[in-house]
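**Student:** Construct the entire structure; sequences and hints are all you get.
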Amino acid sequence: MFDKWALNAATWINNQNPKQTASVAVLHFALTGLLNSLTVFFIIIVIGAITGHIGDSLLASLFFVFLHFFSGGFHFKSVWICTIFSSSMMISSFLIPLSLDWLHALTIFTIIILIAFAPSNIENHARISKRYFPLLKLISVLIVTINLFMQNTAVCYAIFLQALLVIPYSKLWIRRRWELR
Numbered sequence: 001m002f003d004k005w006a007l008n009a010a011t012w013i014n015n016q017n018p019k020q021t022a023s024v025a026v027l028h029f030a031l032t033g034l035l036n037s038l039t040v041f042f043i044i045i046v047i048g049a050i051t052g053h054i055g056d057s058l059l060a061s062l063f064f065v066f067l068h069f070f071s072g073g074f075h076f077k078s079v080w081i082c083t084i085f086s087s088s089m090m091i092s093s094f095l096i097p098l099s100l101d102w103l104h105a106l107t108i109f110t111i112i113i114l115i116a117f118a119p120s121n122i123e124n125h126a127r128i129s130k131r132y133f134p135l136l137k138l139i140s141v142l143i144v145t146i147n148l149f150m151q152n153t154a155v156c157y158a159i160f161l162q163a164l165l166v167i168p169y170s171k172l173w174i175r176r177r178w179e180l181r
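Residue numbers (this note's numbering): 1 to 181.
Just so you know, the hints here were simulated from the structure itself, not pulled from any lab data. One or more hints might be untrue.
Here are the simulated DSS-like cross-link-like pairs (lysine-lysine), alpha carbons at most 27 Å apart as the crow flies [as the list claims (entries may be wrong)]:
no. : residue 1 : residue 2
1   : K77       : K19
2   : K4        : K77
3   : K19       : K4
4   : K137      : K77
**Tutor:** Next up, the structure:
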């Protein structure tokens, strides 16, 4: 559904002024990402409002998006899988309680993951020179560190889930073990 809407919109935009707009492929890619993000955000906010966690859903969403922007991470090949995964992970972030000790431990573990792997998978998705990667890592760690002071459970889960996406799939123990067989 996103794909068809995005393609139709990209074609229409390109037809309005082909010389001054990006190609249909570029517009299609951008619009697909935008529609996916808006849908995920809408689902999260609606569920947050229904469950009485509107503030947590907004905070978790913002931290997830900002951290993803600076740390990069895995991208699903299917927009629908991305929508379902992202929505369910963000919704779980504000519905599952967490003690203060576990919040601190999980936040520190998230920082360790980011120090080890961020930024990840940015080369194919953004035009950022590798010389800025240390800065992206630092900003990612600073974003997560904010939650040590905020102590918000929803933010803690959201940033942890995003941090898991920066771990290169090729370095996962389970994949290496599977390939050895």
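**Student:** All the hints need checking, so say for each whether the structure fits it.
**Tutor:** Comparing the hints with the structure gives:
no.	hint	result
1	K77 <-> K19	violated (30 Å)
2	K4 <-> K77	holds (16 Å)
3	K19 <-> K4	holds (23 Å)
4	K137 <-> K77	holds (25 Å)
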